[in-house]
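**Q** Chains as they are written, first to last, in our numbering: chain A, 1 to 545; chain B, 1 to 331.
Take these hints with a grain of salt, some might be off.
Unchecked claim - Here are the computed distance ranges between Cβ atoms for each label pair: (1) N2(A) to E127(B): 55 to 61 Å; (2) V19(B) to P494(A): 52 to 58 Å; (3) L173(A) to S165(B): 29 to 35 Å; (4) K367(A) to E127(B): 42 to 48 Å; (5) S435(A) to N181(B): 55 to 61 Å; (6) L303(A) to G17(B): 56 to 62 Å; (7) R132(B) to N496(A): 55 to 61 Å; (8) T469(A) to T290(B): 39 to 45 Å; (9) S165(B) to T469(A): 27 to 33 Å; (10) T469(A) to N181(B): 37 to 43 Å; (11) L259(A) to R132(B): 40 to 46 Å; (12) L334(A) to S112(B): 51 to 57 Å; (13) L22(A) to G17(B): 23 to 29 Å; (14) L295(B) to L173(A): 37 to 43 Å.
In case anyone wonders, no lab produced these hints; they're calculated from the structure. Beta carbons: idealized from backbone N, C-alpha and C, even for Gly.
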Amino acid sequence: MNLKIKFLKFKRDLNRWSLLLLLILGIVTIPILTIGLKLFDGPGESWTHIVDYLLYDYLENSILLAVFCSFIVIVFGVSTAWLVSRFDFPMRKQLEWLLILPLSVPAYIMAYAYAGVFGYSGLLQNLTEKLGFDNFSIDIMNIYGLSFVLSMSLFPYVYVSSRTFFLAQATNLLEASRMLGISEFKSFFKLIFPLARPAIVAGLVLVLMEVLNDYGAASYYGVNTFTTGIFRSWFSLGEPETAIYLSAILLMIVFGLILLEKWQRRHLSFSSPKSSKKNYNSRIKPRKKNQILFSIFCSIPVLLGFIIPVIQLLIWTKQTFSRVWNIEFISITLESFVIAFITSCVTVIFALLLLFFSRWNKIDLLKTSSKLGILGYAIPGVIIAIGVLIPSLTLDKWLIEHKITSKLILNATLIALIYGYVVRFLAVAYQPLESSSLKIDRSLSDSSKVLGEGNFKTFFRIEFPLIRTGLLSAFILVFIDILKELPLTLIMKPYNVNTLAVKAFEYASDEMVSSAALPSLLIILTALIPAIFLNKLLLKNASDS
Amino acid sequence: MQATLNIENLSKSFDQGKVKALDGVSFYVNKGDICAVVGESGSGKTTLIRLIAGLEELDEGEIHIEDKLVASIKKNIAPEKRDVGMVFQEYALFPHLSVLENVTYGIKKSKSKKEVALATLNLVGLEGYEKRYPHELSGGQQQRVALARALAPNPSVLILDEPFSNLDAMMRHKLRNDVFNIIKKTGVTAIFVTHDTQDALAVADEILILQNGRLVQKDEASALYKKPQSIYVASLFGNTIQLNKGLQTAFKCPLKEDCCHAIRNENITVNEDCDYVSEAEVLKRTFLGTHSQLLLKLDNGEHITVVTNEPVLGNTLKIGFNSKDVLAFEE
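The following block holds chain A by itself, in its conformation from the complex (with noise of 0.2 Å):
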């Protein structure tokens, strides 16, 4: 096609959806262009010292850190997933649901927790000085330590994929297997293992990106990450440039993964064994001690992940809450609300007019490019944080010297904290209203225009009514993920207002730990229930396929 008919095709399909989707991409990839142009302005005085003596422990700290959690999680992911999904021993139906709940715990809470486990007269000593053993201790405080504390938390992500995958297996697959003489755990190993690694590893990736972007654990454990690298250069030793540059290899990481994770994506659809539709209606009831195991197996990280955190913070609670219980705790939960309320309603907008816009517009490019969009949730927060401050920051000092305002409209202030997490958190809108969507049959909308309606009627009337649920699952699940977020929130948050998961943290740090349960409980009560939302939905996915 000559370069002529391209220009005025290009001119045909260019309508204001386009300009409108450009619009909104320029808005939400304002923070990852700001890191990548100042990478131009180069380093900081200390980036040499950082390169020589600390960036070897950052680098060496995050590989070990994913290379640990990857062997936690995928053992207790995916074997736990197994079972649930092919076996029918006691409480499997609660263990289920059980096995979610982790995700409801934030990891920086979970280490909290576990640091009064394993610390002076906590849980572990209170019970070994029964057992006879005096002054009986662990030392967590270390990357072993937050290693575990991150894998218990986050290890539900490679337990949903993968549950996700074994509930829409195939029997035949493994009927076939078995008659070929190879036993169930061999067929294990040899066949659905390896059909199950790009749902396994879709898992794993958010893993990784959860590890790469927690501060709260690392810094409370004392272990150097390029997070915590990020959060000193800027703040101990005043060098955004230095901290733009451990970003940018820290975002070099994420891509890496992201690429990684498509990389191997890539035979999906070859080996998903998707046009099967059989799926596992009876499961199979092993023998008795064998049941006994698989119950005990899969309680240890419930256990783990969920019940001693909970019990060690509702140990503290009840130390604590006469001294945190005050007026101050009370509006700071409200104001965590607020904010979490305005920007979901914001964020579920954004997400909204990304998903609609892209897809009235009519330029190819702009649609495969709208992606870009929701690369936020994959972006840590402290990179975002930094990427939102510095171009605030500039747009207030040319407003004040073109004496436009007298004082800073957006750096420190609530539209920032906002704008920060819109960004951070737009994919986790975007998905949920993404997937409803498709599932509404495009004849709908195309009847409605064919009968006269254009894209904005067409969505009010049509589309609108039919994506409620979407809408819903989109703000619970923003709403929980900003309520617990904390790095972004520690930087970006304005000097007079406060976030439960903001004073957890200052709690934690000022020596306080146990003032930190209440806040701490309220956030995991908060998320406990798109956790178990998400149980359903899996069910439901299930049942559907």
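Starting from the known structure of chain A, fit chain B onto it as the hints suggest.
**A** Only chain B this time, still in chain A's reference frame:
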């Protein structure tokens, strides 16, 4: 007669030009006519009607509706402004709206909206169903609502995408006649896509055959059947046997070499009083209710399948066909 729909040199590709769905298609449909678009899966039928409706953008060519240019390389009028009605394959009834709300959806005149909708529901034989929801209707009733909804705004062109593919054979036959009687009554110009040639033969004024995105023939039903312009078109409308060299030798029928010849299965008879005759050995008899199917081995070893209503006795017989029934196409 004035053409309501005029398509000129229409082309459309997908996947960045790698898949050519339509290639230089030109035709017109006269006012009030029913035109069927027939072709195998992937022949470009659906792409063609989506382009006419404005649901896709063309790569080349022009589309005119009532002499108005609605799509070209420079212009693309939105579907809502094209004055086209469409009945979708799965009906696409809005699940959260009642039958009446579905039918009034596209009617612009605010005063007489309800009256027009009720009259259209009456036309399709669904009076009394206004308050029901789509899921409370049978497949045939949903089809009628979809038709009423498309007709209610009084479009210039009505498009029907595989309108009967979701119905069972009995229902299909009855509904097909009803639907096209209604369409004829309204006088709307209609274009409908089908892969079932029986539908096309039964109701279309003109049939348009697509093959690999190209228009291979457009004619009236009887002309298409009697004078197909290619073996592809011939085989779409009934079992056709290509008369290759072996069959020509067996039947002793020397035919022109620069042409491709074929004979319809039903024109081969168990009869020796034909222009071309061959001895055949019966290899297999299959009883199919109204007729039998015979797998035969000819003198020279060629195999052929014929159908017959006559009882066939013995293991050998004579079969033949007449020269007037031979179809000839240019290579």
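**Q** Using the Cβ atoms, figure out if S435(A) sits within 55 to 61 Å of N181(B).
**A** 43 Å, violated
**Q** Verify the CB-CB distance for L295(B) and L173(A) against the hinted window 37 to 43 Å.
**A** 39 Å, holds
**Q** Do the beta carbons of V19(B) and P494(A) sit within 52 to 58 Å of each other?
**A** 54 Å, holds
**Q** Could you tell me whether the CB distance from L334(A) to S112(B) stays inside 51 to 57 Å?
**A** 54 Å, holds
**Q** Would you say the C-beta atoms of S165(B) and T469(A) sit inside 27 to 33 Å of each other?
**A** 30 Å, holds
**Q** Given the range 55 to 61 Å, decide if the beta-carbon distance of R132(B) to N496(A) lies inside it.
**A** With Cβ atoms ~58 Å apart, the hint holds.
**Q** Cβ-Cβ distance between T469(A) and T290(B): within 39 to 45 Å?
**A** Violated: the Cβ-Cβ distance is about 52 Å, outside 39 to 45 Å.
**Q** With 29 to 35 Å as the target window, see if L173(A) and S165(B) comply at their CB atoms.
**A** At 33 Å between Cβs, range holds.
**Q** Taking the CB of N2(A) and the CB of E127(B), does the distance hold inside 55 to 61 Å?
**A** Since the Cβ atoms of N2(A) and E127(B) sit about 57 Å apart, the hinted range of 55 to 61 Å holds.
**Q** Between the beta carbons of K367(A) and E127(B), is the distance compatible with 42 to 48 Å?
**A** 45 Å, holds
**Q** Look at the Cβ atoms of L259(A) and R132(B) and judge whether their distance stays inside 40 to 46 Å.
**A** 52 Å, violated
**Q** Just to be sure I understand the hint, the distance between the Cβ atoms of L22(A) and G17(B) should be within 23 to 29 Å; is that true here?
**A** 24 Å, holds
In summary, the numbered hints that this structure violates are 5, 8 and 11.
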